[in-house]
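A.B. asks: Listed in order, the protein sequences are those of chains A and B. According to this note's numbering, the first sequence is numbered sequentially starting from 366. According to this note's numbering, the second sequence is numbered sequentially starting from 15.
Mixed in with the good hints there might be a few duds.
[Said to hold, decoys possible] Some chain B residues near chain A, calculated using beta-carbon distances under 7 Å: (1) THR208; (2) LEU281; (3) ASP282.
[Said to hold, decoys possible] When the alpha-carbon atoms are kept at most 16 Å apart in a straight line, the in silico EDC-like pairs for lysine to aspartate or glutamate are as follows: (4) LYS641/A with ASP219/B; (5) LYS641/A with ASP215/B; (6) LYS280/B with ASP632/A; (7) LYS218/B with ASP584/A.
Note that these hints are calculated values from the structure, not bench results. Glycine is no exception: its CB is placed at the ideal position from the N, C-alpha and C atoms.
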Amino acid sequence: MSGDILIRADQLSVGFQIGKGLFNKQILKAVDGVSVEIEKGSFFGLVGESGSGKTTLGRAFLKAVPITGGHARYDDGEVQYDLAELAGPQLKDYRKRAQLIFQDPYAALSPRMTVRDIIAEPLEVMGLTGSRAETDERVREIAARCRLNLEHLRRFPHAFSGGQRQRISIARALVSDPKFVVADESVAALDVSIQADVLNLLKELQRDLGLTFMFISHDLSVVAHTCDHVAVMYLGRLVETAPTRTLFHAPKHPYTKALFSAIPSLDPDDRGKAQKLEGEIPSPTNQPAGCKFHTRCPYAVDRCKAEEPVLEHADAQGHDVACHRWRELFGAD
Amino acid sequence: MSSLIDVENLTLQFRTDEGLITAVNNVSFSLKKGEVMGLVGESGSGKSVTAKSLMHLNPRNAVYGPESKITLHLDDREVDVLSLQKPSELQVVRGGAISMIFQEPMASFAPAITIGKQMAEQLMLHGNMSKARAREISVEMLDRVGISDAHKRFDQYAFELSGGMRQRAMIAMALSTQPRLLIADEPTTALDVTIQAQVLDLMKDLVDEFHMGIVFITHDLGVVAQTADKVSVMYLGELVEEGPVREVIRTPAHPYTQGLLAALPKLDDLGAPLTPVPGDIPSPLERPSGCVFHTRCARVIGERCWTDLPGRYDLDASHSVSCHLYPEGEGA
Chain A
366 MSGDILIRAD
376 QLSVGFQIGK
386 GLFNKQILKA
396 VDGVSVEIEK
406 GSFFGLVGES
416 GSGKTTLGRA
426 FLKAVPITGG
436 HARYDDGEVQ
446 YDLAELAGPQ
456 LKDYRKRAQL
466 IFQDPYAALS
476 PRMTVRDIIA
486 EPLEVMGLTG
496 SRAETDERVR
506 EIAARCRLNL
516 EHLRRFPHAF
526 SGGQRQRISI
536 ARALVSDPKF
546 VVADESVAAL
556 DVSIQADVLN
566 LLKELQRDLG
576 LTFMFISHDL
586 SVVAHTCDHV
596 AVMYLGRLVE
606 TAPTRTLFHA
616 PKHPYTKALF
626 SAIPSLDPDD
636 RGKAQKLEGE
646 IPSPTNQPAG
656 CKFHTRCPYA
666 VDRCKAEEPV
676 LEHADAQGHD
686 VACHRWRELF
696 GAD
Chain B
15 MSSLIDVENL
25 TLQFRTDEGL
35 ITAVNNVSFS
45 LKKGEVMGLV
55 GESGSGKSVT
65 AKSLMHLNPR
75 NAVYGPESKI
85 TLHLDDREVD
95 VLSLQKPSEL
105 QVVRGGAISM
115 IFQEPMASFA
125 PAITIGKQMA
135 EQLMLHGNMS
145 KARAREISVE
155 MLDRVGISDA
165 HKRFDQYAFE
175 LSGGMRQRAM
185 IAMALSTQPR
195 LLIADEPTTA
205 LDVTIQAQVL
215 DLMKDLVDEF
225 HMGIVFITHD
235 LGVVAQTADK
245 VSVMYLGELV
255 EEGPVREVIR
265 TPAHPYTQGL
275 LAALPKLDDL
285 GAPLTPVPGD
295 IPSPLERPSG
305 CVFHTRCARV
315 IGERCWTDLP
325 GRYDLDASHS
335 VSCHLYPEGE
345 GA
């Protein structure tokens, strides 16, 4: 990859302890040894089914869940942090550099606060502005970028439609002038006609403000259209990562192939052509041995059941895949 | 094929503190036996309310227009759905001849009663059968929708099943009474794509096997393309376009349908910019005059669009559109 790396994760793991008592302790590994690099100024997509650990990975990068193994380095040119060790004043500083946009704009906004107060809250909490006038100035500036006008700022969230609410959420996330923004399923709750509008706005903001986005989504066609680079997760593991075009035109992991194949085609004559994946994602507390995907993989052989594949380079342009058989199966694609 | 259900001039308003809200306005369509109709629209378009009207299942503050008529054609009789009042009469459209599956199966199963008990209960109510027979049929149905260990699952609670399993169980429950019409309200929206593909496949098999009609409510045009025979597109309570799935998706006639298709990210052309439908969906309290879509329409042709409600125009025998771009009434 060219360019500067904003976040470099190295064997990053996040585990949660479940069950109580001395003998009943179990560790649920939501993210398991993920190594990934997010380039500065990129739109990085993260896809996978529910339970794949994509949200947890996003939260780990925001230091919103404890990192239990490995490292993640953040370097925006001004500061360098090791996210696993981050604490105290440095953590406070990181909070304004890394922000989150939530999925559901109906749940994410307090119904008792005006839009102005919602957007201004991060500034006040983090003490980023000196006076009320300065706060107002900053709120107005970011609101205008998110296509909200002065009239909107005086109102309460209930007066807004889904698309407008999501623009308010975006304005709140960006008001502290972050460098890194995690958008977790940020358009999933929106109607199609509105979704495109919010996606275009995110792209525009990324360009104008030089942001780095991590875009978490289960909707592959949305990811294909917005992201520069995509990583696919399955059961806490990274199974494939590549620049968007490469990934969509020549996926090398059977899981990625199956995911693409499952997207309902807009062509009514395509019916029944999809390659179907049997079964469901296994529970993270009871993970299969070997390659985690072998229970559903149509190409699984004995080796897959015993030995876990490691992420290896499929080409020199940043296409990595973790599969024992990618070379013989899809190497020629 | 004969008609299964006819909806004529369905108008539905809700009495609220802010006044009467029009949720559905003068919607007519009919569905044949074994036909799958996709009902497409954004939130607030009135698609769920329309479907619920088929079961006469709207809240007490709902007011049906005087000319609204829904007729369900059964083998031995015709049922005027909206005239049903007593619970005993309503049974025929609520779980009897019509079943419904919902978007979020976790919310639709009672959490403290086993899956099996809920399945058996409705069979005993509608099919007048013994407990043992109801259990037998339920287990058979669970097995049929691809749930392994059906005997064991029968005695489990909804939280013990995964999302995909729950939706399968929901489908098994809805189909065990052998309904003539199935209403599926966003049945796959909460599921992952791989599980969605499995559930859609299952539904297609079941239509062939049981030969029932399906009203498939969804906002996903891809899902419609993969399942439906015909499509009805709704916007703010109006039926704006209706036709066979191939025609509507390949040659959409209404600017709204065209906008919806253009807003969809397509996988075969990653470089193509996304074209949103401009503006936001108006609040139901501020229903636009004239054509309800004129506030967001890219092809407004003049004053008529904001004063007159467009009539229905038949593009051909099965494809019709309501828009001033087309001369009302005449057909090609």
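A.B. asks: Was the hint right that LEU281/B lines chain A, CB cutoff 7 Å?
C.D. replies: holds, 5 Å
A.B. asks: Regarding the pair LYS218/B and ASP584/A, is the alpha-carbon distance no greater than 16 Å?
C.D. replies: Violated, at about 23 Å.
A.B. asks: Is the straight-line distance between the alpha-carbon of LYS641/A and that of ASP215/B 16 Å or less?
C.D. replies: Answer holds: LYS641/A to ASP215/B is near 9 Å, not above 16 Å.
A.B. asks: Does the closest beta carbon of chain A sit nearer than 7 Å to the beta carbon of ASP282/B?
C.D. replies: Violated, because the Cβ-Cβ distance from ASP282/B to chain A comes to roughly 9 Å (cut-off 7 Å).
A.B. asks: Tell me if the straight-line CA distance from LYS641/A to ASP219/B falls inside 16 Å.
C.D. replies: Holds. LYS641/A to ASP219/B sits at ~15 Å (cutoff 16 Å).
A.B. asks: Hint validation: THR208/B versus chain A, beta carbon distance must be below 7 Å. Holds or violated?
C.D. replies: holds, 4 Å
A.B. asks: Is the straight-line distance between the alpha-carbon of LYS280/B and that of ASP632/A 16 Å or less?
C.D. replies: Satisfied, since the Cα-Cα distance of roughly 11 Å is no more than 16 Å.
Checked against the numbered hints above, the structure violates hints 3, 7; every other hint is satisfied.
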